[in-house]
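Listed below are the residues making up each chain.
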Amino acid sequence: EAGVAQSPRYKIIEKRQSVAFWCNPISGHATLYWYQQILGQGPKLLIQFQNNGVVDDSQLPKDRFSAERLKGVDSTLKIQPAKLEDSAVYLCASSLAGGLGYEQYFGPGTRLTVT
Amino acid sequence: SQQGEEDPQALSIQEGENATMNCSYKTSINNLQWYRQNSGRGLVHLILIRSNEREKHSGRLRVTLDTSKKSSSLLITASRAADTASYFCASPYSGAGSYQLTFGKGTKLSVIP
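So the protein lines, in turn, are chains A and B. Start counting at 1 in the first sequence, then tack on 3, and there's your number in our numbering. Start counting at 1 in the second sequence, then tack on 13, and there's your number in our numbering.
Among the hints, erroneous ones may be present.
Derived, one-sided and incomplete: chain B residues facing chain A with beta-carbon distance under 7 Å [unchecked claim]: (1) 43; (2) 56; (3) 58; (4) 101.
To be clear, the hints were calculated from the coordinates, so they are not data collected in a lab. Note that the structure is predicted; figures quoted are calculated from it, not measured. Every residue, glycine too, gets a C-beta built ideally from N, C-alpha and C.
The task is simple: from the sequences and hints, build the whole structure.
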């Protein structure tokens with residue numbers, strides 16, 4: 004079974020530039036998550052999708068971050084414009100459903116460096 | 014805010030020794046999960062223990078849960094160099110119409126060959 008795919012794996016940009024990350028979840032997984040993991044900390048949820056609808060984006064900085072999951076499969080996360088504090092690993096995860104007890108499967112992440 | 018906090022922050026042991034990591038959490042939970050993250054890679058789910066369970070085993074892993082103390086521990090027996098990684102505990106909480114995981118800051122385990 005193919006895992007969660009993410010690209011690119013690494014990205015270096017200057018502040019105020021834009022960047023986009025792509026995620027392809029495990030086939031059949033209805034729920035998709037984007038996490039931000041700053042160095043030395045645990046992942047923090049940014050946004051959760053159920054199929055192509057947003058379930059929770061309360062921790063997404065909406066003035067600069069946006070995400071979409073067209074057709075309920077692939078998803079993109081965009082940052083525009085980037086700030087130095089956005090340097091982090093962005094993890095995508097998926098699960099069969101969003102209820103209690105469903106295991107989340109994580110992709111390898113995209114390491115973003117903002118200079 | 015983070016629900017779980019792991020202790021210690023870092024742990025270094027010799028290969029073959031046992032490693033114990035602890036997690037404390039703040040509010041009532043339905044279950045608690047442990048994840049492993051190797052350097053430069055995503056997280057891998059290790060084990061889930063439900064609130065009505067006290068102990069669970071998976072291979073060389075043993076997880077305990079004490080809901081009265083709001084704490085859990087992860088024991089890795091007969092450690093190997095390949096166990097070198099960061100270990101996170103995570104618990105679900107009810108967010109805006111869904112259940113989400115909150116992660117602690119992790120314990121960084123180094124197993125020396």
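So, going through the hints one by one against the coordinates:
no.: 1; hint: 43; in the structure: holds (5 Å)
no.: 2; hint: 56; in the structure: holds (4 Å)
no.: 3; hint: 58; in the structure: holds (5 Å)
no.: 4; hint: 101; in the structure: holds (5 Å)
Hint compliance for this structure: no hint is broken.
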